[in-house]
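Peer 1: Read off the chains here:
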Amino acid sequence: MTNLNVVGKSVLRQDAYEKVVGGKGFPVNISLPGMLHGKMLRSPYPHARILSIDTSRAEKLPGVKAVMTPKDVPQIIFNPIFFMPADSMAIHRDMLILSDTVRFAGQPVAAVAATTVAIAEQALSLIDVEYEELPAVFDPEDAMKEGAPEIHAGVKNNIRATPSFGAGDVEQGFKEADYVFEGTYETQRVHTCYMEPRVCVSDTDSSGHVTIYSSIAHLFGLRERLAYALGLPVSKVTAIQAPYTGGSFGSKLDLAYIEALSALLSAKTKKPVRLEHTRYEDFICNARHPMKVYLKTGVKKDGTITARYASTLCDTSAYSAHGPEVIMVHAYFGLMLGYRAPHTKWEGTVVYTNNMPGGAFRGYGAPQAAFAVESQIDEICEKLGFDPIEFRLKNTPRQGDPHPFNPEWKLGGYALDQCLTKGAERMGWSNRAKAGSASGTKKRGIGMAAHPIWVSGCVGFPDIYEHSGAIIRLNVDGTAYLSSATMDIGSGQNTTLCQIAAEELGLKFESVRMAPGNTDNLPFDAPTHASRVTYSSGNAVKVAAADAKKNLLEVAAIVMEANAADLEVRDGMITVKGAPAKAMSVADVVKRAESPFMVVGAQGPTPTTLKEKGTIMGISSVAPPANASPAVAEFVEVEVDTETGQVKVLRAVYAHDLGRVVNPAAAQGQVEGGLQQGIGYALMEQMLFDPETGACLTSDFLDYKMPTAVEMPSKIECIFIESNEPTGPYGAKSLSEACLIVPAPAIANAIYNAIGVRFHSLPITPEKILAALGKL
Amino acid sequence: MQEITTYLAPRRLDEALQAMADGAATVLCGGTDLAPQTESGARQYTAKLLNIRRIEGLGGIETKGDKVRIGAVTTISEIRCNPMLAEIAPVLVEAAEHFASEQIRNAASVGGNLCNASPAGDMIPPLLILDASVELACWREGAVQTRLIPLEGFFVSPGKTVKRPEELLTAVVFDRPAADFVGKFRKSGPRPALEISTVSVALGACIADGRLSNVRVAMGSVAPTPLRARHVEAALEGKPLDAATWAATIAVAVAATAEDAKPIDDVRASAWYRGHLVRVFVEEVLNEVRGN
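Residue numbers (the numbering used here), protein chains in the order written: chain S, 1 to 776; chain A, 777 to 1068.
Worth flagging that the hints you see were computed from the coordinates, not collected in a lab.
Any given hint could turn out to be false.
What the hints assert, rightly or not - With the C-beta cut set under 7 Å, the calculated list includes, among others, these residues of chain A facing chain S:
1. Leu789
2. Tyr1049
3. Val1056
None of the values given here were measured: they were computed from a predicted structure.
Cβ atoms here follow ideal geometry from the backbone N, Cα and C, with glycine treated the same way.
Build out the structure end to end from the sequences listed, making use of the hints.
Peer 2: And the structure:
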């Protein structure tokens, strides 16, 4: 593994320049001839029944081509999540494309297609809707009370699901403990704030076949879910792969209203129809689930954890969507698997409210959990006088241990211990002062958080797709095309996969190009989510490349009159091992394989000597054999202004065992982006709603505060620990989500170290800090 | 929705004033407030869009005798980078430093910031403590007529000023500050960059013979309009800077903020937090002024 040519290098992204000059490949730039523009009318009420809709005035407006109301759309109940089968037993189907019942403020009730956006908007104002307002409930605890408004018929107390699990005897475990700690930790609703809006163009032909371009993170999921909601077989939907998507962070993993409506409006008008979210519409299309976590931990005098009990209340909002799934990932991979405890129990409650829909967001339930777990460990260590690094080392798994989720897997390459010790050393952890001992009005503190067990994809998760496919084709100029339905959502997936293909094929990186396709001609692929692409899609690409290379060398063996087993490829040249003078370029071999059976030469037409003719290619459709866990520890230094309550993150040290680093620059980018989202989650980001109407008050970037470059620490130090993961391509594991799981608790712990005050709810705003300091 | 049917970009002031004499033109300069307001529907374009950016003589920063004049279309970046202002009115440069982002500073004009009349307008508190006036021009009886309005009397309510629809703000003018005048500015929000002020405070005073005089204090985002904090000013006027009484002076000034600042709760901050920040900022700027 030491002789890698392409993997491990910070190669330049192939689409970098193209994106900088405007990004023709972004779905937002798709335009088809004769295209119409759609807009959705949204309910001002959070809970209402539609009594009547009069579209006659809108239909008369010149330029309006179609108006759609609930009676015009298939009344097929669906769940929008892309990555689970549409008919899965594990999810709840409770949504309609357009419904007579409104369950959140902003739910679409009608749609228009017109020749311009302005006309479509004007038409919306001409649709008369008569609503019967229903009582609404926004607080999940209120929603569970007797007498609360019923949001979905027959769902008692609005409780959608009550999952639970455990091991051992948790009561016994607490009896064995010398100390018991408990606390409740609350997190807020935040939005991913991807750059490219959700946007799509549908073109439905006269036979009813839908072709759709959309800004999404899962090509095959879009095909399956759109077909399901429209009542079509999947073969009647073609989803076209965009070369790249302008960000997702999880938000583009479910069917949007615009996708179904554009397909229907296109069918009705016989024209392509484009719908694009405004930023307000993006804000209210999905968000991270707010959760309230109660966590109780039993600890022995020597620092061994004996038992853990937790319960989680999750506001799944107006529709079930991700709620019942996100709470399971939250419980297993966020709360319970990371730290060893012989006795555990967890109970979850997923509740409907009249809030905007919840969705997937980088970390999928784990940031909410880590805020509880990592804050409480800090509290335990503070109280019992343990060093937080030592405490974690004592209670976490080691390389070679069985994987806590599935003991049939091993933690093959796993170096959490090094993440903790190397990160601590770099941060100067041993110089950390006692909590609250800083003097002056601006107080500095150091804190850390870890996340021992996380995922590289979804192998082992019930009802979640995980297999990937790839097609590699070699060209007569010695280059290769790589086709995969993996979506590049901005983190460099295409580049990483091309690096793996180039490495396996023995080509230069520049010789491999991503060739986008569509659901008609690509093998299935799971979404770009769950930190899975390098490990899982990378595995499929490596298998396809190995297949192509085998076919290449079989042809080369004939042409070069050598044994295929004796051949090797490097930088596009095929040589015989031990006889470097005998060489032939990949281009020449492919040319021979692609040549006609008769070739005209100086002597006239002559049959070519090569019998094995045809395109040299390789294909795969596979899932990895396991689900390798990355490991992470993050250390931050903050400065708290005790006069204004402002917190500055001065420095961050991030130590991550991600197995082999395929592209160090892209990896560093993941860390920096995760820290930025983590600072937002910890300190300022928060979606706010009118308590009476449920209307979103933070639906633009004036009122929804994300950190900018100015709020980022000037020093972000990455320590990448490259354990060699036996099940990953070239030893690689995952990175992305962990980068956002740890910052909030690390910052909260650093704030504690600075001012001696513990916060149990996010975001830790200046007002909360001043109130806690007694200045309120 | 109103369609724009006429777009004008005159080079001469009298042409512009004639074009807006019917009081029905939408005035465009940097567009950094106009564009988002029309986009969100908070404001409608009128049929006539009048770009004033190209009018000769409407930009520039100059001194004439004791008067300083900043043309209405001067950008925030121009203020930020102006060496003369850095010398005679550094508080304006300081406020420009904290104004939005580089791109917005390059487009936004000082005149636009005043006419937008946001309680959070960043250039307003520092101009208030410079005791600035605004020059309003209109076309009447076949000639350009101008009047000068003290900035303090310019604002009526959020988004509203005493400027009449046919009038154009052409410049902001103020007396060159005395050599012993010191001015300071503070603003804050949940994040330091690209922020609408949660509150802003500007404080200026002359320092002579160990005493404060001509004290002027202005605040933003604590009332429907930016305001001069007369109670705080009165508490500070003539006060000595000596160590023995300084803490008591600050305490009185900080207490007086409650008389001037009447903030509200909104999405960006609670009334309590705004009131607190005003107290913190007044104390901070007073200490800085004393340190000068």
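Peer 1: Please verify that hint: Leu789(A), Cβ, nearest Cβ of chain S, below 7 Å or not.
Peer 2: violated, 33 Å
Peer 1: A closest beta-carbon separation below 7 Å is what the hint needs, so does Val1056(A) meet it against chain S?
Peer 2: With Cβ-Cβ at 5 Å, under 7 Å, it holds.
Peer 1: Closer than 7 Å between Cβ atoms is the bar; does Tyr1049(A) clear it against chain S? Give me holds or violated.
Peer 2: At 5 Å from the nearest chain S Cβ, Tyr1049(A) passes the 7 Å test, so the hint holds.
The structure is inconsistent with hint 1 alone, although it conforms to all the rest.
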